[in-house]
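Protein chains: 2
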Amino acid sequence: MQKITRTTTSSSSTLKDGVSTQTTHVETTTTFKPIPATKTQESPLGSSVKETKQPAVSSVPASKNKTPMKFTDANFPLGEDGRTYHVGTKLGETANKIITVGDPARAELIAKHLDADVVPIKVQSKRGYLTITGAYKGTRVSIVAIGMGMSMMDFFVREVRAVVEGPMDIIRFGSCGSISDHIKVGTMAVASEGSISVTRNFDFFTGADATEPYLISQRVEADADLSASLVQKLNEFVGSGKVSTGLNVTADSFYCSQARKDVRFPDANSDLLASVHARYPSAVTLEMESFMLLHLAKCSGRTAPGNGATVEPELSIRAAATTMIFADRLGGAFITPEQVEELEVSAGKACLEALVSTA
Amino acid sequence: MQKITRTTTSSSSTLKDGVSTQTTHVETTTTFKPIPATKTQESPLGSSVKETKQPAVSSVPASKNKTPMKFTDANFPLGEDGRTYHVGTKLGETANKIITVGDPARAELIAKHLDADVVPIKVQSKRGYLTITGAYKGTRVSIVAIGMGMSMMDFFVREVRAVVEGPMDIIRFGSCGSISDHIKVGTMAVASEGSISVTRNFDFFTGADATEPYLISQRVEADADLSASLVQKLNEFVGSGKVSTGLNVTADSFYCSQARKDVRFPDANSDLLASVHARYPSAVTLEMESFMLLHLAKCSGRTAPGNGATVEPELSIRAAATTMIFADRLGGAFITPEQVEELEVSAGKACLEALVSTA
Chain D
1 MQKITRTTTS SSSTLKDGVS TQTTHVETTT TFKPIPATKT QESPLGSSVK
51 ETKQPAVSSV PASKNKTPMK FTDANFPLGE DGRTYHVGTK LGETANKIIT
101 VGDPARAELI AKHLDADVVP IKVQSKRGYL TITGAYKGTR VSIVAIGMGM
151 SMMDFFVREV RAVVEGPMDI IRFGSCGSIS DHIKVGTMAV ASEGSISVTR
201 NFDFFTGADA TEPYLISQRV EADADLSASL VQKLNEFVGS GKVSTGLNVT
251 ADSFYCSQAR KDVRFPDANS DLLASVHARY PSAVTLEMES FMLLHLAKCS
301 GRTAPGNGAT VEPELSIRAA ATTMIFADRL GGAFITPEQV EELEVSAGKA
351 CLEALVSTA
Chain G
1 MQKITRTTTS SSSTLKDGVS TQTTHVETTT TFKPIPATKT QESPLGSSVK
51 ETKQPAVSSV PASKNKTPMK FTDANFPLGE DGRTYHVGTK LGETANKIIT
101 VGDPARAELI AKHLDADVVP IKVQSKRGYL TITGAYKGTR VSIVAIGMGM
151 SMMDFFVREV RAVVEGPMDI IRFGSCGSIS DHIKVGTMAV ASEGSISVTR
201 NFDFFTGADA TEPYLISQRV EADADLSASL VQKLNEFVGS GKVSTGLNVT
251 ADSFYCSQAR KDVRFPDANS DLLASVHARY PSAVTLEMES FMLLHLAKCS
301 GRTAPGNGAT VEPELSIRAA ATTMIFADRL GGAFITPEQV EELEVSAGKA
351 CLEALVSTA
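In order, the protein sequence lines correspond to chains D and G. Going by UniProt numbering, the first sequence wraps up at 359, each residue one higher than the last. Going by UniProt numbering, the second sequence wraps up at 359, each residue one higher than the last.
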């Protein structure tokens, strides 16, 4: 594992974590080169970067740049200035502390909580990723919308890890269904006990000799400190009667592997929730991204696969996840737009507070 | 399996497949109810529908509607007018014949080939899906951009199957890396031999007792007729020296399960391509969506899991996949923007030709 060293840094009016204030843009002059080194390119990338003028956060998303991109490294494609191929950010445009959401509109909403005196950077990628980097109470933070699914989370974690120096903290703020009698629509759940994955075993359906329709993984832990901060701040900003904890279940489908009944497909999932609860009684939420975040956070910087390996400190990631309960999968209720908006504002604030307050 | 019956249809100036021409919009008055039946809702969905004025295809994407959505069925959420939750279309807005791509810009480019005398419907969903429905040489077709990853393909197939009546044909037109010495950047590959999946075995990395870092599935077939049409039309429109056939490999990551070296993560994938080729010598392309399309096409309407089950004809899906070679994973070359644009135009035309000409 190559050691990453910061070779040069420069900023003005610096607060903690290198945030420059009272300037027209967030500036980073570090000469660190991501791994692998950036290749020389001939034309700009198809991502657009917008450094918003005051007021700090505009409600208008960055327009898309139609200039064709060019990349030359088939192994880990990077643009001429070091932009990643899918998320589209380069060194200096993503903070070490990140809140990640699915919906770009949610990212914009949370960004309204950011400090008004630091102009955020916005990067909208052609592949649907939106990064907003600014400051919260003087600490540099990014809010990144990633879309849906474990593959989208995989792109995100790997491509931000490639362009950020040093230890990272990442909080997922998503939506989910509840599979617990005690956790109701319109409340928040923190995956304090970590997450498992449930994935479709394709061979059961279109192959031969497979005996199980779904594969249930072992548990991966969430970071204890970040999770505890999330619970504390959600209690404070959303309300102490509205915060639960437990084990998250991350599925590779909104339908089959979340035990939804889609009568057009023979999904063999009638017993799936019972199987999950038999093995993991504390499973409380069902969604599609948290496991991959926690899993890759545990893998980042490890010298070898497996939990016993040591971790390169400069590549370490602490991760935690909290989700709004959108659907009651036992009773059938679905959240109202008013409940969503209220939760996004208050829980978004709580996530920012947890992100900057965790030692 | 509930039988789906068309109860009422009405259209004017009808060509084959129910396309109305010389009108200001594509009209469908069928009273078919998707399964499950639409629930009564109180406010409109957060998707926007744009029926473009002449010229038939505008280069301006539909703007996003900020009106909050409301859904009440936690099992299979549908909007008040039957719109699906993620793809955002309702009955009548998606054709039985579909080309699906990843990049929304590619969908817009292909839509320029559509008949000028039929005004297309455009639906842009909040979750990144773009549907353009019009006609090609008098046959009704849709072009749907779905983003990236098998989960995004799963949303797409299930949600269009829920709002389209009768048999469907779906062609994926994507991008990929080549793992064959004979298939070069800037050419086309057709997955005539079908597809396998390669997925990360999470327990190998963050669990215990797992012996294999990646799970390799059994093969799922592509539709032979659609694949043959694709080969024929690509030879005609792209060039006969530029079309190869073989087995596709669909991975759940752009990085680890495609055997890319990401030095920040211990991915244990040095032998992965060799393992794939040992089991499947005809594997030629690597990407992230085709397997899920072919797999779900084989599952749709089956009376039970497994290849021996019968299929409900009204729910049947024929599917095939072709991909542009963007990366040479053996030699390291990457496609130029000029090559991409040329291929998207000519191969997009070939896909439309194959879609409407396959009996």
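There may be inaccurate statements among the hints.
No copy is singled out in the list; a pair is fine if it fits within one copy or between any two copies.
[To be verified] Calculated cross-link-like contacts (lysine to aspartate or glutamate; reagent style DMTMM-like; alpha-carbon spacing at most 25 angstroms):
no.	residue 1	residue 2
1	Lys126	Glu212
2	Lys261	Glu108
3	Lys126	Glu108
4	Lys184	Glu344
5	Lys137	Asp81
6	Lys137	Glu221
7	Lys112	Glu312
8	Lys242	Glu165
9	Lys242	Asp73
10	Lys137	Glu193
No lab work stands behind these hints, which were simulated from the structure alone.
Results of checking the hints against the structure:
1. Lys126 to Glu212: Neither: 38 angstroms inside a copy, 34 angstroms across copies.
2. Lys261 to Glu108: So Lys261 and Glu108 fail the 25 angstroms test inside a copy (33 angstroms) and across (34 angstroms) alike.
3. Lys126 to Glu108: both (17 angstroms within a copy, 13 angstroms between copies)
4. Lys184 to Glu344: within (16 angstroms within a copy, 47 angstroms between copies)
5. Lys137 to Asp81: Intra 30 angstroms, inter 44 angstroms, cutoff 25 angstroms: neither.
6. Lys137 to Glu221: neither (29 angstroms within a copy, 55 angstroms between copies)
7. Lys112 to Glu312: Answer is neither: 35 angstroms inside a copy and 50 angstroms across each miss the 25 angstroms cutoff.
8. Lys242 to Glu165: neither (36 angstroms within a copy, 43 angstroms between copies)
9. Lys242 to Asp73: Classified as between; 22 angstroms across copies, 48 angstroms inside a copy.
10. Lys137 to Glu193: neither (29 angstroms within a copy, 56 angstroms between copies)
Going through the hint list in order, the structure does not satisfy hints 1, 2, 5, 6, 7, 8, 10.
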